[in-house]
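Residue numbers (this note's numbering), protein chains in the order written: chain A, 1 to 68; chain B, 69 to 239.
The set of hints was computed from the structure by calculation and includes no laboratory data.
Model, not experiment: these values are computed from the prediction.
All C-beta atoms in this analysis are idealised placements derived from N, C-alpha and C, irrespective of residue type, glycine included.
Where hints are given, some of them may not hold.
Within a straight-line C-alpha distance of at most 30 Å, the following computed DSBU-like cross-link-like pairs (lysine-lysine) qualify [what the hints assert, rightly or not]:
#1 Lys63(A) <-> Lys5(A)
#2 Lys48(A) <-> Lys63(A)
#3 Lys48(A) <-> Lys210(B)
#4 Lys177(B) <-> Lys165(B)
#5 Lys165(B) <-> Lys37(A)
#6 Lys165(B) <-> Lys62(A)
#7 Lys210(B) <-> Lys37(A)
#8 Lys165(B) <-> Lys63(A)
#9 Lys62(A) <-> Lys37(A)
#10 Lys5(A) <-> Lys48(A)
#11 Lys62(A) <-> Lys48(A)
#12 Lys62(A) <-> Lys5(A)
#13 Lys37(A) <-> Lys48(A)
#14 Lys37(A) <-> Lys63(A)
#15 Lys37(A) <-> Lys5(A)
Simulated DEER-style distance windows between Cβ atoms [what the hints assert, rightly or not]:
#16 Pro185(B) <-> Pro22(A): 37 to 45 Å
#17 Gly39(A) <-> Thr175(B): 23 to 31 Å
#18 Gln38(A) <-> Asp174(B): 14 to 22 Å
#19 Lys177(B) <-> Asn3(A): 41 to 49 Å
#20 Arg132(B) <-> Asn14(A): 28 to 36 Å
#21 Ala57(A) <-> Gly184(B): 43 to 51 Å
#22 Asn172(B) <-> Gly66(A): 25 to 33 Å
#23 Lys5(A) <-> Tyr178(B): 17 to 25 Å
#24 Gly149(B) <-> Gly39(A): 17 to 25 Å
#25 Gln56(A) <-> Pro185(B): 55 to 63 Å
#26 Thr175(B) <-> Pro22(A): 14 to 22 Å
Here chain B is said to cover these stretches of chain A; the calculated rule only asks that three of the stretch's residues, wherever they fall, bring their Cβ under 8 Å from a Cβ of chain B [stated by the list, open to error]:
#27 33 to 45
#28 54 to 63
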Amino acid sequence: MPNLKDFAINMISNNPRVSRNPQAQHMLQIIQNGDSKQGQQIAENICKTYGITPEQAVQQAKKFFGMP
Amino acid sequence: MNPNYPQNPAWPGMYPQMSPMNYPGYPQQQPSLQQSQFPNKAQQYQQPLYQAPQPQQAPPINGRIVNSIDEVAPNEIAMDGTVSFFPTRDYACVYAKVWNRNGNIDTFKYVLERTGPEVDDKSSEPDPYTLILQRLDSIEEKLLGTKSSGSNKAKSSTSTNTSMKDGGSNA
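Just need the whole structure built from these sequences, with the hints factored in.
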């Protein structure tokens with residue numbers, strides 16, 4: 001039975017906007033490797049650049065995906 | 069338009085085989101062998117015979133003209149791996165911003181450098197006519213200077229003589 005994570009990664013990596021983006025490819029590689037520490041560091045850097053907290057980013061992501 | 073209904077590829081938006089023959093309740097007529105083997109001309113022209121190659125468009129450049137680099141917000145920088153360019157209003161420099169792998173934004177500054185033939189150096193050089201005039205002026209000054217210095221010497225020698233004479237008379 002195919003793993004849901006593998007299915008999602010496969011779907012994302014087949015997206016041409018991701019496959020042509022070196023930064024996104026790097027992020028995808030981190031997700032595949034399961035390097036949560038590095039992923040968290042990148043996420044914190046992005047939040048810091050945008051001037052928001054990680055909690056605010058999570059709230060915005062939940063709102064975007066229609067999650068409660 | 070019913071999204072579940074199959075679309076006619078030759079005419080987008082038109083349903084295939086939309087004719088009074090296909091409406092429900094209308095007796096269906098099977099196409100004859102001649103019709104199926106030799107499609108009419110209208111059907112032939114619906115199929116594109118040759119598709120001209122589409123010219124590849126250059127990808128657009130992200131960015132805008134700015135007064136100061138501080139006014140650039142992070143959401144103005146594309147996250148698709150491309151570099152966004154922000155020239156200053158006086159075109160003195162161009163800032164390039166790109167997201168790096170660590171989730172930060174790298175900023176590069178390109179400063180203006182004038183290229184092309186150096187016209188200023190040639191224009192700063194005087195023309196030959198001016199050079200000749202300048203040399204003539206310098207010669208004239210020297211000649212006048214020697215004359216005046218000569219008269220000064222004569223004057224000074226006269227004054228020395230007088231003083232000597234005076235001194236001599238005093239002594």
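Hint-by-hint comparison with the structure:
1. A threshold of 30 Å between alpha carbons decides the hint, and for Lys63(A) with Lys5(A) the separation of about 22 Å falls inside it, so the pair holds.
2. A distance of roughly 20 Å separates the Cα atoms of Lys48(A) and Lys63(A); the hinted pair therefore holds under the 30 Å criterion.
3. The straight-line distance between the Cα atoms of Lys48(A) and Lys210(B) is roughly 76 Å, outside the 30 Å bound, and the hint therefore fails.
4. Our distance criterion of 30 Å between C-alpha atoms is met by Lys177(B) and Lys165(B), whose separation comes to about 9 Å.
5. Pair hint Lys165(B) plus Lys37(A) holds up; C-alpha atoms about 26 Å apart against a cutoff of 30 Å.
6. As the CA atoms of Lys165(B) and Lys62(A) are separated by approximately 29 Å, the hinted pair is consistent with the 30 Å bound.
7. Of the supplied pair hints, the one linking Lys210(B) and Lys37(A) is violated, its CA atoms being roughly 85 Å apart against a limit of 30 Å.
8. At roughly 29 Å between alpha-carbon atoms, Lys165(B) and Lys63(A) fall within 30 Å of each other, so this suggested pair holds.
9. This hinted pair checks out: Lys62(A) and Lys37(A) have alpha carbons roughly 22 Å apart, not beyond 30 Å.
10. Taking the CA atoms of Lys5(A) and Lys48(A), the gap is about 28 Å. The hint holds against a cut of 30 Å.
11. Only pairs whose Cα atoms come within 30 Å are accepted, and Lys62(A) paired with Lys48(A) is accepted, the gap being roughly 19 Å.
12. For the proposed pair Lys62(A) and Lys5(A), the alpha carbon gap of about 19 Å is at most 30 Å, so the pair holds.
13. Between Lys37(A) and Lys48(A) the CA atoms are separated by roughly 16 Å; this keeps the pair inside 30 Å, and the hint holds.
14. Restraint check for Lys37(A) and Lys63(A): satisfied, since their Cα atoms lie roughly 25 Å apart, inside the 30 Å limit.
15. For the hint pairing Lys37(A) with Lys5(A), the CA-to-CA distance comes to about 18 Å; that is within 30 Å, so the pair holds.
16. The given range of 37 to 45 Å is respected by Pro185(B) and Pro22(A), whose C-beta atoms sit roughly 40 Å from each other.
17. Roughly 24 Å separates the CB atoms of Gly39(A) and Thr175(B), a value that falls within the hinted 23 to 31 Å.
18. Distance hint for Gln38(A) and Asp174(B): a CB-CB separation of about 18 Å, consistent with the stated range 14 to 22 Å.
19. Taken as a hint, the range 41 to 49 Å holds for the pair Lys177(B) and Asn3(A), whose Cβ atoms sit roughly 46 Å apart.
20. Taking 28 to 36 Å as the suggested C-beta distance range, the pair Arg132(B) and Asn14(A) conforms, at roughly 33 Å.
21. For the pair Ala57(A) and Gly184(B), the supplied restraint of 43 to 51 Å holds, since their beta-carbon distance comes to about 49 Å.
22. One distance hint, 25 to 33 Å for the beta-carbon pair Asn172(B) and Gly66(A), holds here, with the actual separation near 30 Å.
23. Separated by about 42 Å at the C-beta atoms, Lys5(A) and Tyr178(B) break the suggested range of 17 to 25 Å.
24. At about 18 Å, the beta-carbon gap between Gly149(B) and Gly39(A) stays in the expected band of 17 to 25 Å.
25. At about 56 Å, the beta-carbon gap between Gln56(A) and Pro185(B) stays in the expected band of 55 to 63 Å.
26. The supplied range of 14 to 22 Å is met by Thr175(B) and Pro22(A), whose beta-carbon atoms lie about 18 Å from each other.
27. Counting residues of the stretch 33 to 45 of chain A whose CB lies closer than 8 Å to any CB of chain B gives 5, which reaches the minimum of 3, so the coverage claim holds.
28. By the rule of at least three residues with a Cβ nearer than 8 Å to a Cβ of chain B, the coverage given for the stretch 54 to 63 of chain A is violated, with 0 such residues.
Of the hints listed earlier, those the structure fails to meet are numbers 3, 7, 23 and 28, in rising order.
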